[in-house]
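Novice: Read top to bottom, the protein sequences are chains B and C. Read in order, the letters of the first sequence correspond to residues 1 to 116 in our numbering. Read in order, the letters of the second sequence correspond to residues 117 to 516 in our numbering.
The reader is advised that the hints may include incorrect statements.
Far from chain C, some chain B residues (derived; all Cβ distances over 10 Å) [said to hold, decoys possible]:
1) A2
2) T12
3) A42
4) A45
5) K64
6) E79
7) E102
8) S108
9) F111
10) T112
Quick partial rundown of chain B residues pointing at chain C, CB under 8 Å, derived from the structure [unchecked claim]:
11) Y13
12) V22
13) R24
14) L28
15) D34
16) T38
17) W48
18) S49
Derived by calculation from the structure, the hints in this document are not laboratory data. For each residue, glycine too, the CB sits at the ideal point set by N, CA and C.
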Amino acid sequence: MATSKLKTDRPTYASDFIPSDVERAVFLGNPVLDNMMTSLIALGAEVWSNRRRMKVVEALLAEKGVTAEMIETYMPTAEQDAEWQKDRDRFIDLTYSPLLREGDLPVSAAFTRENK
Amino acid sequence: MLDRRSLFAATAAVGSFVGAAFGSRKANAATHTSVNLTPKGDVEPRGSKNRLERLPALDLESKYDFVTGFRSWHNKSNRVVSQRVEKILEEKGLDPKAKYSMEKVLPLIEDDHLVGTSGRTWISNQQVTWKILQDYFHEHADEYIAEMEAADNDGPGTLELNPDMEIPKYTKHEIHIQPGGYVGDEFAGHVYHYGTNSFYVGAIGDNEQDQIHIGTANRLPLPEDGVVKRILVQGCGTGQMTSALKERFPDAEVWGIDVGGPMVRYAHMRARNLGLDVNFAQRLAEDTKFPDGYFDIVTSYIINHELPQDSNRAVIAEAHRVTRPGGYYYPVDFRSGGADGRAYGQYRRWWDHRWNTEVWSREYHTLDFDGEIEKAGFTMNRETKAALPGFGARHAVKKA
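The whole structure should be built from the sequences, with the hints applied where relevant.
Specialist: Written as structure tokens, this is what we have:
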């Protein structure tokens, strides 16, 4: 059993729970590879967060009188949302499609060359 | 920036839109129009996108947008992995289109790099999804606990919490690897609500405005005599289905019960903020505490596959006890059954059980769920279509 990591004196109505063992999972034969995948996805979220914020800024700069509050509370239009999601999907495709690569040559693989 | 009044006007407009999409809900839109208040203690720093309070920080919203997009991309990439699995089977001299048990499939593909990468990236994305949400609410715990405290004893609607209730172990797992599960984290409701919205995208559709729940609630049949005075939702979670039913049946006494204190607390706060007079209570689906025959409709939304078989039987028996003669029980959940199938499908089902901590899903899929409902004394109406398209149709009538 485990308990929430949040420490507070206020009543929370949370109980103890049974933690999963997913943190111990190794799907790629080497925990370093598994950890890199998680880092890569977290990095993607961070990068996308910056890019999306920039889009907000750019959208607002097209208008006039930009304030921090305006940036924080900017509500994208449906068209902008659709356009941004398209760009997001392109970004994801660029970053993660290599994971589907089916490489099969070891370092010692023979080097086949042709000169004509 | 929209002010509060404009935001709620927008909510009413969306109510009308959803009504048009899912059936006659004109009167329900009027319910929303009357919501033009700022509930005490409400924390909503970036306003609402119609029914959904926007995530409270732009960076959090953007990270959430990313993991949602990644999930959709991953769903599409499954085709590539499925083809890879078929290729492996062919290489081993097996028919790639034949049906296999998971036990047969697993040793053949578990070490493949593409299968491993697919599983790893999916689970990593799931972990990042939960972490960004939980971290934010934990970092701002004081204000969000205060928000719930302000709502606890405020209406419309009521909230019953039972902190001394004995919580069954089977409910204490971290379903979907959500940190703390449904009972063990103070913000289980907040985290579940936003997290699961991303589940719907790329699977069965956008649910930010509760469209899936509203559509499901509106497609539930009426009892044969048309009388709907009381409705119960067993295992109501964050109350989206419960609230949708109150909107469809505004004059009914509607109850949502769930084992998770933080879940019903969030459900009550959200229904109250939507201006809905719904009753939420921390109680067990198999021990509802209601009198015999109290409800015209007893329903649930995708809880049965989270239950061990004996608990499912107990939940069905309790539903039968509290349904009135002539009323019905309609648990919304996946179609059950099928211990074999196409190789990758079987593997995915097992993998979801093992690594996404769908603890009891394999028990569910080996249970004759419809048969258990009939054994409890209900008569299944086989003519009724599924309230949630693609899921099981279980319109179980209690004889008058």
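Novice: Broken hints, numbered, in rising order?
Specialist: Result: hints 1, 2, 3, 4, 7 and 13 break, sorted rising.
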